[in-house]
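**Q** Please construct the entire structure, taking both the sequences and the accompanying hints into account.
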Amino acid sequence: MTEELLQAYSLVTAVAGGLFFWIGFIIFGITARRYSVVFNKATYYGLMMSAPSGILIYSLLLIFRSAVFTKNPDINFWIQVFAYVFLLLSSFLCLISVLKLNKLIDELKKYRGTK
Amino acid sequence: MKGTVNSISVSGMLRLLCNYKKTGILNVDNEKVKGLIHLHNGEITHVEASGSNDIKQALNRLLLVVEEGSFYFEDRNDVKTQPLGLSVENIIMESSRFIESVNADIFEYLLPGREVLKISTLPQNKMLSVNFLDHEWNLLVSFDGNNNIDYVLGLFKDNLRKSQSALYGLIAAGLLKRARFKTPEIGKIAAENLGSIGLAIVDSEFKKHSIDRNRMGMKEMIMLLNSLENSFSEIVGKTKSRQVIEKIWESSR
Amino acid sequence: MSFDAFIYEAGLLLLAAASAYMAVVIKKLTAIVGEKNNLWLLPAAGSAVLIVSLAAHLYATIALLPELGKHIQMFSDENIIFNSAKMDEVKAAVEKIKNSLLLLKAFSFTCFFVSSLLIALASWLYLKLISK
Numbered sequence: 001m002t003e004e005l006l007q008a009y010s011l012v013t014a015v016a017g018g019l020f021f022w023i024g025f026i027i028f029g030i031t032a033r034r035y036s037v038v039f040n041k042a043t044y045y046g047l048m049m050s051a052p053s054g055i056l057i058y059s060l061l062l063i064f065r066s067a068v069f070t071k072n073p074d075i076n077f078w079i080q081v082f083a084y085v086f087l088l089l090s091s092f093l094c095l096i097s098v099l100k101l102n103k104l105i106d107e108l109k110k111y112r113g114t115k
Numbered sequence: 116m117k118g119t120v121n122s123i124s125v126s127g128m129l130r131l132l133c134n135y136k137k138t139g140i141l142n143v144d145n146e147k148v149k150g151l152i153h154l155h156n157g158e159i160t161h162v163e164a165s166g167s168n169d170i171k172q173a174l175n176r177l178l179l180v181v182e183e184g185s186f187y188f189e190d191r192n193d194v195k196t197q198p199l200g201l202s203v204e205n206i207i208m209e210s211s212r213f214i215e216s217v218n219a220d221i222f223e224y225l226l227p228g229r230e231v232l233k234i235s236t237l238p239q240n241k242m243l244s245v246n247f248l249d250h251e252w253n254l255l256v257s258f259d260g261n262n263n264i265d266y267v268l269g270l271f272k273d274n275l276r277k278s279q280s281a282l283y284g285l286i287a288a289g290l291l292k293r294a295r296f297k298t299p300e301i302g303k304i305a306a307e308n309l310g311s312i313g314l315a316i317v318d319s320e321f322k323k324h325s326i327d328r329n330r331m332g333m334k335e336m337i338m339l340l341n342s343l344e345n346s347f348s349e350i351v352g353k354t355k356s357r358q359v360i361e362k363i364w365e366s367s368r
Numbered sequence: 369m370s371f372d373a374f375i376y377e378a379g380l381l382l383l384a385a386a387s388a389y390m391a392v393v394i395k396k397l398t399a400i401v402g403e404k405n406n407l408w409l410l411p412a413a414g415s416a417v418l419i420v421s422l423a424a425h426l427y428a429t430i431a432l433l434p435e436l437g438k439h440i441q442m443f444s445d446e447n448i449i450f451n452s453a454k455m456d457e458v459k460a461a462v463e464k465i466k467n468s469l470l471l472l473k474a475f476s477f478t479c480f481f482v483s484s485l486l487i488a489l490a491s492w493l494y495l496k497l498i499s500k
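Chains as they are written, first to last, in this note's numbering: chain A, 1 to 115; chain B, 116 to 368; chain C, 369 to 500.
Everything labelled a hint here was simulated from the structure, so no lab data went into it. There may be inaccurate statements among the hints.
[To be verified] Under the rule of at most 20 Å between Cα atoms (straight-line distance), these lysine-lysine pairs were calculated in the PhoX-like manner: (1) C/K464 x A/K100; (2) C/K464 x B/K355; (3) A/K109 x C/K404; (4) C/K396 x A/K41; (5) B/K233 x A/K41; (6) A/K109 x B/K303; (7) B/K353 x C/K500; (8) A/K110 x B/K233; (9) B/K323 x B/K303; (10) C/K496 x C/K404; (11) C/K395 x C/K496; (12) C/K464 x C/K454; (13) B/K233 x B/K355; (14) C/K454 x B/K355; (15) C/K454 x A/K103.
All of these numbers come straight from a predicted model, not from anything done at the bench.
**A** Written as structure tokens, this is what we have:
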């Protein structure tokens, strides 16, 4: 019972965590979009808002893996691998987009006006 | 009526006295020249200046006093009454042509570069008689009420000193006056309040709307400020954005 | 370390890096707005918590799982099979490791969840700040 409870708890926190990461980066992407619109410069805000979807897919795949009809360990393994791959890709793209926004902000902070 | 040349020029004072049809003596006292100008009902009737026998030369010397000095006007009736037939605007323009010889830095006596100027209208029944040189006329007509001083002087940058002297003359003669607003230093205000990001937003907006900041009319300025308010709001929030826009409006008055 | 665990660790590491940079960006953005607050600490803490989650998972993968495997292999050892006392010992050890793994998993995902809350909160608070 305790084991089942812990498994369920782990699943719920993993999925919820994925969801909140997705929400967090999407909101941050709104900020990046504002900079893109005002300065007419690339901020990869689209990437920042879409990349966290991978984390959401990771959460969904975890749910899928623990579903009744996937008791096959081989399938479970590959579902897990795909989930991790989506997480990895998503994290990488989130990092790229945050770095791009950081670079733009650094440029703007050094801006001294047109001659 | 008294003044020092640091607050109003001798030319400006003479023009005012003539326009208000005053009668009396305008005394000028400067370390290089001392003199007086008789006025009768706003007409110049007599001129004296130390070291000058010729009326025009005397007038030029008195009107060219730009360094620290003083002048005062006495309301008097014991003045010469026969007009010399001189147009005050014309003599001010003539004297401005010699201003370079005074070795003063004319730029110090001009209005700030952001000031938008326009050609003055004449009061009722006023007759104007002025001889313009080509560059003076061209400079005059370049001020269409939308251009500021920096922009127009930029058009005549090949002979900047001559243009500055002409501008001094045109303003002193009352032929050019300030338009209702001056182009505010939008970039400077944005930078002071929001740092380099503010300046970047301003430059971005000018570029977006293809506005020349030296030729900005009221219509463009309103459009620009509306757009700036939106852009500032996106980056720093509505409250701060409004504060900055209000400061910009203040500086245009 | 297995291939899937490696991918997971790498993903968490990159996510922690993204959170850390988010902290850097938020710090700069709040300076632009002219607000003196410590909003950037939220994503920074989120990044740190993610590193803890990563460490927990790493410990489970590197230390506990091999240990579990070693103990499970003992079930095929004749010395263990025919010795009920030793068999009970091994069973208890396996049970203990399994529980530790479960607890560590729960802890790791809790950290993952907490980190995500901090990131989401920081983003939301900043957006609220520039919308007033």
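**Q** Please go over all the hints and tell whether each is borne out by the structure.
**A** Structure-based check of each hint:
With a C-alpha separation of about 47 Å, the suggested pair C/K464 and A/K100 falls outside the 20 Å cut-off, and the hint is violated. For the given pair, C/K464 sits about 59 Å from B/K355 by alpha-carbon distance, which is inconsistent with the 20 Å threshold. Of the supplied pair hints, the one linking A/K109 and C/K404 holds, its CA atoms being roughly 17 Å apart against a limit of 20 Å. Distance restraint check for C/K396 and A/K41: the Cα-Cα separation of roughly 18 Å lies within the 20 Å cut-off, and the hinted pair is therefore satisfied.
Of the supplied pair hints, the one linking B/K233 and A/K41 is violated, its CA atoms being roughly 39 Å apart against a limit of 20 Å. For the hint pairing A/K109 with B/K303, the CA-to-CA distance comes to about 15 Å; that is within 20 Å, so the pair holds. For the hint linking B/K353 to C/K500, the alpha-carbon distance of about 6 Å falls within 20 Å, and the restraint holds. A C-alpha spacing of about 38 Å is found between A/K110 and B/K233, which places the hinted pair above 20 Å, so the restraint is violated.
Among the hinted pairs, B/K323 with B/K303 is consistent with the structure: their alpha-carbon atoms are about 19 Å apart, no more than 20 Å. Pair hint C/K496 plus C/K404 holds up; C-alpha atoms about 15 Å apart against a cutoff of 20 Å. Proximity of C/K395 to C/K496 is assessed by CA-CA distance (about 15 Å); at most 20 Å being required, the pair is judged to hold. A hinted pair counts as satisfied when its Cα atoms are at most 20 Å apart, and C/K464 with C/K454 qualifies at roughly 15 Å.
A C-alpha spacing of about 34 Å is found between B/K233 and B/K355, which places the hinted pair above 20 Å, so the restraint is violated. Of the supplied pair hints, the one linking C/K454 and B/K355 is violated, its CA atoms being roughly 74 Å apart against a limit of 20 Å. A hinted pair counts as satisfied when its Cα atoms are at most 20 Å apart, and C/K454 with A/K103 does not qualify at roughly 62 Å.
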